[in-house]
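*Asks:* Model the full structure from these sequences, guided by the hints.
So you can see what is in the structure, the chains are spelled out below.
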Amino acid sequence: MKVTKEAVAGTLESSDLLVKVAPSDKGTRDIVIRSEVIKQFGKQIRHVVTDTLDKLSVSGGSIVIEDKGALDCVIRARVQAAVLRGCGSQDLDWGSLS
Amino acid sequence: MKLRRSMLFVPGDNAGMLSTSFVYKPDAVMFDLEDAVATREKDSARLMVYQALQHPAYRDIETVVRINGVNTEFWQKDLEAAIRGGVDVVRLPKTENAQEIHELEEHVAKIEKACGRPVGDTKLMAAIESASGVVNAVSIASASPRMTAIAIAGFDYLVDMHTRRSDGWEPELFYARAAVLHAARAAHIDAFDVVYGNVSDDEGFLREVRIAKNLGFNGKSLIHPKQIDLLHRAYLPTAEEVNHAKRVIAAAEEAHSKGLGVVSLDGKMVDPPVIEEAEMTLQLAAAA
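Here the protein sequences come in this chain order: A and B.
Going by the working numbering, the residue at position 77 of the first sequence is 77; the numbering climbs one at a time, nothing skipped.
To convert, take the position in the second sequence, counting from 1, and add 98; that gives the working numbering.
Just so you know, these hints were derived from the structure itself, not from any lab.
Hints are supplied without guarantee of correctness; some may be wrong.
Anything over 12 Å on all C-beta distances counts as not near chain B; from chain A, calculated [what the hints assert, rightly or not]:
| no. | residue |
| --- | --- |
| 1 | 2 |
| 2 | 33 |
| 3 | 39 |
| 4 | 89 |
| 5 | 90 |
Using C-beta positions, here's what the derived DEER-type ranges look like [claimed, not checked]:
| no. | chain 1 | residue 1 | chain 2 | residue 2 | range |
| --- | --- | --- | --- | --- | --- |
| 6 | A | 98 | B | 385 | 52 to 60 Å |
| 7 | B | 295 | A | 39 | 52 to 60 Å |
| 8 | B | 385 | A | 36 | 51 to 59 Å |
| 9 | B | 295 | A | 95 | 35 to 43 Å |
| 10 | B | 351 | A | 36 | 57 to 65 Å |
Okay, the calculated bits of chain B under chain A, using three or more residues with CB under 8 Å as the criterion [as the list claims (entries may be wrong)]:
| no. | segment |
| --- | --- |
| 11 | 113-125 |
| 12 | 254-265 |
For clarity, every value in this text was computed on a predicted model and none was experimentally measured.
A virtual CB, placed ideally from N, CA and C, is assigned to each residue, including glycine.
*Replies:* This is the structure we're talking about:
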């Protein structure tokens, strides 16, 4: 999937996260993660974000995460929602969302 | 028999509640994609619910997803998320007639086939929220073998009836409660009573629980976790009731071992309905 426009999903409330995606001029996939629990769970958060993007075949774009202590399932859902909005996608490939 | 005393509403886009509602141990969690979710957040909420359904913490709780009504542009996408996520029960809001249940189950079967779930695995629940829904409750409740429960939703119903909630014994809801409950019992499915919206009024909530319990509802839809424990305690049998139920079961087992159809206990006949009631009492007591 190709991120073609800026998009946001999620909130800055506790147990949630805000995900911002935008097209990248360089064609690279740049992930920035900010979290109050980055020391304890930074690796896990990055793993979930990367895995989710891989399954959606997102190879390029800027992805900025502001995490407020979200569970993995919430991270997956918010990243998926932001990417699908950023791609202007209406039809879901459910196999890529598990 | 599955206990369905409490069904906790959880807004589908509320990360905090999605992440914690299992802690309160309701009998069922109902992820809401309808009224609790703003139109612009429907897509994100759908994904949140899809992911939450697969969380191991919800494995031991009955999961329900309230989809948007069949007159909206959202309900088929909601169904995809719910069924593919592994939901136990789909709740259809504002159900007016049996035809809507037929339409729903047709789509449910298609999605089950597409994602590899056994056809018939997903159960259905109808929410009755209007006068026509109440009038058609019998045909709605028996519209499909997938139907597992029927719920009455008070707010929309009372608006449709041109009235509002009162305190006390709530005569404005009496006919709808009785009609929905009879429809459920005739179809051999469960029945949920209305939500009680004032979460700071425990006394009013418990008054309403007593009405629902005495009428025969399995339980209530709830909008706040603090209502779960209050409800479960209210449905808890007394020690005297538990003791009597144990004696009924013992008498029934003795009669069975002697090849007798019925037996008497304290001068009263112990027949199948009495035994069934005793079993329900012991089940409620065991759930405490």
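*Asks:* Decide, hint by hint, whether the structure agrees.
*Replies:* Checked hints:
1. The Cβ of residue 2 of chain A lies farther than 12 Å from every Cβ of chain B, with a closest approach of about 18 Å, so its non-interface assignment holds.
2. Against chain B, the non-interface label of residue 33 of chain A holds: every CB pair exceeds 12 Å, the least being about 17 Å.
3. Under the 12 Å C-beta cut-off, the non-interface status given to residue 39 of chain A relative to chain B holds; the minimum distance is some 20 Å.
4. Remark: the non-interface label on residue 89 of chain A conflicts with the geometry, its nearest Cβ contact in chain B lying 10 Å away (cut-off 12 Å).
5. Residue placement check: residue 90 of chain A does not keep its beta carbon more than 12 Å from all beta carbons of chain B (closest about 9 Å).
6. Between residue 98 of chain A and residue 385 of chain B the Cβ separation comes to about 33 Å, which falls outside the hinted range of 52 to 60 Å.
7. Checked against the hint of 52 to 60 Å, the pair residue 295 of chain B and residue 39 of chain A fails, with Cβ atoms roughly 42 Å apart.
8. Checking the proposed 51 to 59 Å range against residue 385 of chain B and residue 36 of chain A shows it is violated: the Cβ atoms sit about 38 Å from each other.
9. Under the hint 35 to 43 Å, the C-beta atoms of residue 295 of chain B and residue 95 of chain A, about 40 Å apart, fit the expected range.
10. Roughly 59 Å separates the CB atoms of residue 351 of chain B and residue 36 of chain A, a value that falls within the hinted 57 to 65 Å.
11. Counting residues of the segment 113-125 of chain B whose C-beta lies closer than 8 Å to any C-beta of chain A gives 5; at least three are required, and the coverage claim holds.
12. Check on the segment 254-265 of chain B: 0 of its residues sit with their Cβ under 8 Å from a Cβ of chain A, so the three-residue criterion for coverage is violated.
When each numbered hint is compared with the structure, violations occur for hints 4, 5, 6, 7, 8 and 12.
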